[in-house]
Every structure is written in C-alpha cells, then in structure tokens.
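Asker: Given next are the chains, with one letter for each unit.
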Amino acid sequence: MGEGLVLLGVRHHGPGSARAVRAALEAARPDAVLIEGPPEADAVTPLAADPQTRPPVALLAHAVDAPGRSAFWPLAAFSPEWVALRWALEHGVPARFIDLPAAHTLARTGPDSPPTRTDPLTVLAEAAGYDDPERWWEDAVEHRGAVEEGDALAPFTALEEAMTALREREGTTGRERRRGREEPASEEGEEVEEGGESGEGGEEIEGTETEGTEIERTAEAAEEEGTAEAAEAEGSGGEAGGPEPGDGDLVREAYMRLRIRAARREFGEDVAVVCGAWHVPALRRKVTVAADRALLKGLPRTKVEVTWVPWTHRRLSRASGYGAGIDSPGWYGHLFTAPDRPVERWLTRVAGLLREEDRPVSPGHVIEAVRLAGALAALRGRPLPGLGETTDAVRAVMCEGSDIPLALIRDRLVVGDVLGRVPEGAPAVPLQRDLARLQRRLRLAPEARDRELDLDLRKETDAGRSRLLHRLRLLGVGWGEPAEARGATGTFREGWRLRWEPELSVRVAEAGVWGTTVRAAATAKAEADAVAAPALAEVTALAEVCLLAGLDDALPGVMRVLADRAALDTDVGHLAQALPALVRSLRYGDVRGTGTAGLTEVAAGLAERVFVGLPPACAGLNAEAADRMRDHIDAVHAAISLLTDPPPDDRTPAPGGAGTQGGTLAPGGTPAPGGTPAPGGVLAPGGTPVTSGLPGPGGAPAPGDGHLTLRARWSMVLRGLAGREVVGGGIRGRVVRLLLDGGELAPDEAARLMGLALSPGTPPADAAAWVEGFVGGGADGGLLLVHDERLLALVDDWLTGVPAQAFTDVLPLLRRTFSAYEPGVRRTLGELAGRGPRRGTGSAPGAPAPGFAPDPDPHRADAVLPVVRLLLGLDTAGTDGGAAPAPAHPADGDVRLEATT
Amino acid sequence: MSVSVQPMPADPIHEGAAPGAEVLRPHAEDAFAGELAALAARDERPRPPRWKLSPWAVATYLLGGTLADGTVISPKYVGPRRIVEVAVATLATDRALLLLGVPGTAKTWVSEHLAAAVSGDSTLLVQGTAGTPEEAIRYGWDYARLLAHGPSRDALVPSPVMRAMAEGRTARVEELTRIPADVQDALITVLSEKTLPIPELGEEVQAVRGFTLIATANDRDRGVNDLSSALRRRFNTVVLPLPESAEAEVAIVARRVDQIGRALDLPAGTDGLAEIRRVVTVFRELRDGVTSDGRTRLKSPSGTLSTAEAISVVTGGLALAAHFGDGVLRAGDIAAGLLGAVVRDPAADRVVWQEYLETVVRERDDWHDFYRACREVTG
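Chains as they are written, first to last, in UniProt numbering: chain A, 1 to 901; chain B, 1 to 379.
If you are wondering where the hints come from, they were derived from the structure by calculation, not from laboratory data. Bear in mind that the values here come from a model prediction, so they are computed numbers and not experimental data. Quick reminder that beta carbons are idealized off the backbone N, C-alpha and C, glycines included. One thing to keep in mind: the hints can contain errors.
[As the list claims (entries may be wrong)] Estimated spans, in silico, between C-beta atoms of each pair:
1. L353(A) x G289(B): 19 to 29 Å
2. A248(B) x P363(A): 39 to 49 Å
3. D369(B) x P383(A): 57 to 67 Å
4. D226(B) x R54(A): 42 to 52 Å
5. A248(B) x A128(A): 30 to 40 Å
6. D185(B) x P51(A): 54 to 64 Å
[Said to hold, decoys possible] Chain B side only, calculated, beta carbon under 7 Å to chain A, not exhaustive:
7. V86
8. L100
9. N236
10. V238
11. V239
12. R297
13. L298
14. V351
15. E355
16. E358
17. T359
Construct all of the structure, not just a fragment, from the sequences and the given hints.
Answerer: Written out as structure tokens, the structure reads:
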C-alpha cells in the first residue's frame, strides 16, 4: 500500500531470504510481483499453483529446433523466487518474470567465458571479518530466524545499501570483465543452470545465462513497449550487432527496468521485485527508456519453449554434476520449515535417521550434541550453530568420531531425497521432441504392432537406428528388444524387435530428467548407472552398451568406475568374469571405430590384477569351486590372447590367436627397453627375443619381468599354477594343457608333470581331476583327444610307462574320465590306441611335433587356401605365401581338415 | 558427603628431577609457561570455572597465533582447526573427550597440551596397560596405615582421577583401550554421576566444576579391549587424522628419523630423503586406497600403516645401510622393512602388496630399483 517500487534483493535458494521475502510481501502488499527469471515462463506460472505441483521444480527453457540447447531455473520450496510466486498466486496478484528472455539467451552460440566479476558477497564477508562468504551470508541473513518485529523491509534496505556501495567500487573496473553466457553448447548441452549458483548471491547465476529475452506473451507487451528492435533482430539470428557479452548484466538490467516500467503502467505503482541482490542498485537507478532500449538492440533470438520439470534436492546440490547449486538443500529446507528450535529439531532428525540404521542413539546423545553445537558456535563466534557446528557435534557425540555415518546423514538429510512433481498438464519435455525428430530422421516410426528389424551397421542410417535403440534401452524405454538377425550373422548385423507401447511415452517423459536429448540423457543415465551398479560385471556390461550406443562421452566415466571397482574387488572370479566382456567390447569398439584407448588400459589393469590374485585364489578349492575356477582360467586365457598391451608397454606385433602356436616361449621380439638395465640378464640388450628356459614347477615370476608382455606374464602365472601342489588337480591339468597348446611347455615337460600328477602318491580323486582337466572332461574333451595326436601320444606314453602293479590303481581314474565320452569317440580312441604308439616324438629339440612332417609341404598347404578364402569371405586372392602362416601342414591330410571343420 | 583430598606430594616424576637439573622432557605447562602466561594476561573472555584460560585462548594456544601485544604463540598441533575446536568445546561442556587415532597422530601430545592449557597441569595421568588395576582409576590403600589405624582418609591413596575430581582439574587416561574392560567400567560412574563413592568409609568424592577427563586410544586397537557402549556414550569422540599432505608427512618422518638416528649413534648421512619420500608415498597410497595422482584405486592392507611405522621402516633401513651397506640409504635397505609393515596378513595382504607392485610401482619410470628390490624380498 503505497510502498511504491519495492526491490527485494535475495540470494537464490536462501531460506532466510525466502522468509524475509514473504514477510516483506505481507507488509508491502504490492499490486504485482516481478521475479527474476525468463519471461517466457509467464505462460506456465499458473501451473505453480496446481495442487499437483510440488517443489523442487525447475523452469526449463529450450530452443524449439535444438532441444539440446536449454537452460534450467531450479526452484526449491525455500527459494525466495518460489515463495514470491506462490504468494502472488495465493493472493490473486499478477506475477511476472522479468529477466532477459531465454529466446535471446539460447540464441547465443558463442563460446562460454566464465564470469570474472568479483563475488560481491566475498567482498562483504571480508569486510565483516569472515573468510568464508557462505558463512557470512548465513550468519547475516539466513540465520536471522524469524524476521524481527518491526520493519520487514529493513534487511533489504541494508543489503541494498551494501550492494550499492559495492557496485560503485566495482563500478568501472568490474564492467570490463566479459560475461559470457552459458551456452548450452551443442547437442548435449543440458547445462545451464541458473538460479543455482547461490554461492555468489545468485546474480552471478543468472548473469551467466539468462541473457536474452523474449516470450510469446511478452511479445505483445514488447510491441507496445517498443521493443520492436528485438523483433527486428529476429531472424538475423547471429551475434553480429548484438551487445558485447561483457554487457550481460547491463543488458539484463536494462531489460528488467523496461519490464518494471511496463508493469507499473499496467498494474499500478506498487510492485515488488524479487531479484539477486546484486541487481538491486541497477534497478533502482534512473535510466532513460531510450538508453535501455539502445542496449537491447539487435539481440539474437530463437524460438523457445518453456515448461516445468520435476527437480530433486540432489540436483540442487553442487555434488550432482549439474553444478551450480547449493551444498545443503535439505538443511536449508529444514531451516525454512522448522517453526522454531531449528538445531534441536535437526539433531533429533539426525538421531532418528541413525536409529533407523541401527545405531544406538539416545535422547541423551541429542542433548549432548545440542550442547556441543552451542559451545562450538560460541567458540567460533557465530550467533547460532550452523550446519558446520551441528555436523561436528554429530560426529563427536553420535558417530564416535567416524565419518562413515556422516556420509549417510549428508546424503539423506543434508542433501535429501526430495523429488519434485509437476502437473500432468505441463508442456512436453524436450526429450520427447528430440526423439520425434530422430524418429523422423531415421525413418523409424513408432508402431504399436511388432516389427522385426534387421540392421546392417555398415550403413549410416542403420548404425544410427542401432544407436538410438540402444540408447533408449539404456533409458528404460524398451521400444526395441535385441533379436536374432535373420539371414547372415556377423558383427555388422543386428536384429531388433520393435513395438511401441503407449506407456513408453510416459517412460520418455520420466527420462526427461536425465537430459534434453536422447544422447545426452543416455550419457547421463549411463554414468549414473555405473556409479550405482553393485557388481563389477554390471559395469563391464554397461561399458559394452556404451560402445554399442555410441556414447563416447559416457565411456570415460564408466571406465573410471570400472577401474575403481576392479581395484577394490577381492574376488578373482569377478575379475575373471569381467575381463572377457571387456575384451569383447574392445574388439567390438575397434569394429565400429570407437576410441578405445582407455578401455585397453583398463583391460590391461584388470589382467594384471587377475595375474596377481589368481594363484592364491586357486588354492584349497573344493571340486565345484575348482570347476568354476577352471572355466575362469579358460575365459581369461582366451581373453588374454586377444588383448594387446597398452601403448606404454612394449608393443608386440600381436599375433592372432593361433600365432603363438608352435613357438617356444617367445614374447615375439620384445625389444629391450632402452636405458633400463637388464636385471639378471633376462632381457638381453639389442632387441634379442627372450628365450627363457622353462622354470621349475616352483615358477614364481622372476624379478625383472617388469617389461614382459601381458601374454608372457600370463604364461608365467600359469606355469606357477601348474607346479603348485595346493592347487586342485583339475586346475593344474587344465593349465598344463593350455601351456602345451600354446607351445610354452615342451611335451616332455608336460609328460613329466603328468607322471607327477598321476603317480601313486597322489590321492585318486585329485589325479582323476588332473586327467580330466588335461584332456578335457565331458563329450568334447574326447573329441580333441581323437584329433590331436600329440595329446594322445602324451597320454599313451605315460600310460604305457606305468608299471604293471600301479596300472590297476590308475585304471579307475582313466575310466572315470573316459566313461564320460560319447560311445563313438571311445571307439575311435580305442582304434587309435590299437594302432599302437608313434614313436620318436619330440624329445629332441627341433624335432617336429607328432603328427607333423619335418618340413612344410607347400603344395598341400596351397590346397587349403580356397577354403580359407571362402571362410574369410575374401574375394580376391591374397599373396600366396603370406596369407596364412599355417603353423603346420596336417600330416594326415585332408581327412583331419574335414573332420574339424 | 563429600570430602576433599589432601594435596599429594609432588608426583614421582617431579620428585625425580632435582631442581635445576635438566630434565629430558619438561611438561607442557613448564616448557610453554611463557606462552600460557601471556595468553592468560591477555585473555578477557569468560572462563569456565577453574579454567586457567578461556576456551578461545585454549584453542589459540594449541593452534598458534599472534596476540594483541605481539606475543607469538607457537602452533602445538598442525592439523584441521575443527579438531581442536571440537575438543575444546567438548571440555567446556563438561563432557569427557576421547581422542582416537592411529599411532603417530599426536593424540598424547594434544591431550597433554589441552590439560596444560585448561588446568595448568598435565600430570594427572593414568597410563593404560593390560595390567592397569582399578586402584589407578579409583583409589588405593596405604596398607601399613590401614593395618595400623584402620580405614580412614589418611590411609587412602587417591588416584589421579580422584584428585582431578576433587580439585576441578583435567585428568588424562592414556591408551584407554588397553585397560581391561572391568577396570574401564570404573570410569562410568565417574563420568555420568561425577562422583566416586568410597564405600569403606561411607564417603564419596564429588567432582567439583572444572573437572574434565581426556582419554586417548588407538582406534585400530579396537579389538583389544573395546569400549563398552555405556562408556563410549559418555565420551565425545574426536578422531585425529593422519598428516594431510605427503610433504607434511615426509617432514615428520624425516625429522623423527633424524632424532632417532642421532640417539642410536647411526653414522647418518641424511641424504636418504628420496627414499623417505618413497616410503611415505607407499604408505599413503596404500592407506588411502588411491594413488597419489588420484587416478588409480588400490586395495588397502590390513595393517595401520601409520606414520610411526613409516618412521620405523626408515630407521631400520638406515641401520641396515649403516652397518651392512655403504652407508647410503637405498631401495634395498627399506624393501624388507616395508614388506613387513605392509604384509601383516600373509594371504590377503600379500595379494594387495603384489597388486600394488605390479600395477603402480612397476609403471613408475624412476622406481625401477625400488620395484626390483621389493620383488626380490617379496618372492
């Protein structure tokens, strides 16, 4: 009533500010309430009064043609802006947003430049002798409790004076700083945050983004106001001619002044303005209309839509990646809602939470914590205990000095789980638009009936479709389910079954909290999922999905989580499970040309951990666990052979899976690292390949193996395992076999180990397990024995060497293994055995392996080439010699080839 | 009814030191008498009953600062300000204070200086051991007198805790968790009722205002004689953290090693700073479970890996180098000690250690000698 223009300078998200604003509005009873925020939002303000609306919510403005360009203005229940808005709606007073329209803000495409203005609160806090501006503001404003009786406007007047003085001091110099606007960059830029930043007294915040302005609704107002220039500028679109970014505050304040003038004409002289404290002096200043309009000339603009989206306390907090926020929304909410005794009530809530978590906390604890908080506040010279004092008190009294329960309190109370809600009538979120756009572009219309889709990932459109479907799946929008591709299989084929259900639209709307484009939302979701995933294998799977979905930006975050999980996981089984998936991702990523350098490094790290952890983990297992471990070893073995060392290590030419076949332990041409002394002569200088002898069964890796390849170290681990008595027979047998197949163990050494394992001193069950592990259990194992003469010869040699008396002891062991084979296999084995042993097997160095001729027969080798070409899908003939290194020629001719293919 | 306890003759430590003789280590209140006096003279803030200084001045005494008259107060505790503030505020609210921390985090040091600043006397001390009897916390008897004259106040030998209660001063209990559980429980009545009954005489000693108690305990020792929840509830707990930065820890280790080395007459060349830095780095990385560049997570072994252990590893290495090596501290001299400090549990810790060697140490270009030395002893 007759207060004239009331300027209420606030800190965004300050509960003290909010309380003071409400008191001031009650006292002043303005004819209209003007709030700092994008004027486009005027169209949706009535939704704030909807009974379904519950803060925290955010105003979301996004460019219509580029949903990725968007800005958020989060509002919590204790935000002064929200309080003012609700007050206006409850009292039937018009409420208007007056900041520069998002149409201008979002039209900007220039690079961001961070604001460099001195934080006004820092200066004020320093003047008051505080080192932390946050704390000063809290003591000076937020903790004022209920506004003292008397002039409800007094605090704002005092603050305005302070700000005026500050701005004068800052005056000329401060203006030089270039204020960039937050540019919701490109596709994925959900970014902008506004109102948050409260750290700097909010104005900062807006400053950064809201620069532009213009709304549909305001458009009319603008016309009559003569903001016609803005309208003209439309379409010109560029930055050209726009005000310098450095004038961000000035432009915004000019626009605000114009809006205030218009409002006073429309609603009467008595209007209240709620804005960041920093702007108050500027809005008070008398400036001619012409000068203000001149500043607003030529702002670029774009078409913008505004809606409400639900927000959460977590996203209000700084910790949540969205930046720009407040540390302790839960604490502020408490301060705002607690009718009295905020500290006592807070500590009681803390005690309640700790009790729920089964920590014994008595009322006595609460009493002592209140006392300690009070004493601390006195010691620190604060008027009331703040969050810092109460936290210290809780730690010392209730948590026995430990920080672990405090993390829980911080998560659940200080930040809090509060989730806002918006009415169903709120306009669509940009994610839906982005999806619709993508569906059009990829010609993939949503249909209610099932539809099979085969994608050829070599085609651009199909690859795009695949990525879209994978991303949607990640977001919980199950439009497509992976299915078998019909026809040809291959890594470039992908099959999907599509079906659009109506409730998927709801899912899309829900997914809107993750971002404004499908890509950005999926990225954010993947990162959040990675952090939340309980098991290592889930993170690995997520990494795979990230590759499939082309979410390169999410990959580093997921990799980081993966590396952390791997480092802390003590179960080698988990690590061993994760490794193959990771290696698969790696190869798949290569197929798609995704950058996988980080992935390689993580995989190598994972492998190292497996190497170290495997030997102890293999000891003392029961039969079942040993079987599982054997599978793990197989999986790791396969994965290792596909894994190349990360770049910093010595590069091996990475022979294909079969490349190591037939060689001796040769980490193919490992060059001696320059300048490193070769310890113990293991690495000969001058690039000589290592030809290490076979270490004894004790086989701990020798010191100085620091520069061997992953594969060489893996074989050392295996050799160590093969000789450890505490390791179960099944595992040892398997390991010997792997080494033998890899050519890392000479046949006579394998024979010696076999004899050792199957000698009378070994418990029968263990020996049986060894055989099973060595030749392979079940039906397939026997098949290998049939076709690998070398293997058969080994078993045969050993068996014929068993003394007659011992034979009866060994017989049951063999029978146990062999009885599992298919009858056909058993018969063939019998025939082979009946033919008698082939003698002269490789005891002499350089002698051919059994079943192989001494020299390659090029003629017979060439005969295989057409088949190989057919298999590899090569249309043109390669060079004859080099195409397939063909480790050896089948001595028994094509019979074998046919059998195995 | 309450009685007052006769002032005891000066405690044995004081007695042992002839006046003027140079004691090896003076009490805090003697060593820093000048600072305490300056603080008291300048201190205009309200003091709790029987406190020699206001809580604000106590905090300043521990954290250091410059007084209005230019007197410089040296910092006694270098660490988070919050820790000291909570500790002082606890004492100001009549609560007992429990200082927790791994060895080498200055628990005893802080407790002594707090007692000196609050009560001007840090000697009311109970040293906790597995053999600490209840008499050390309550009271004992002078048996000659007891037999000769029967139970009386004169035959009573008060404990430091009893004296502190009667005189409104600060009692200290060191290594609280080493004291047997039943003896610990004697503190419960003292802390909750603030009274100590003497049933033999039908009397009691009531604590007068100003009585506080500071206990210290090693929080990795919890298994030894864990505090009962009844006792725990009566303490406000402050955990003293390990040194915040690697440089601070290196400085602490280097200084202590130097002191110990001189005491042991080791022919010390102290150019082992590089090795000290490595030991500290290894300790910190394993303790924190993350490499110093913050990029790689690590498992932590079961041992405490305290600063005190780092000091002993380096001292051991110095002795090796001096007596069996060439006098220069090298990687090989510390590797064995390091292995012993890290690998406490033969199975789990060995894996942790090997993983650390393979994934972190091996990758560091200037750590090759260290890696080889560790691999040799690790086997």
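Asker: Going back to the hint list, which numbers does this structure go against?
Answerer: none
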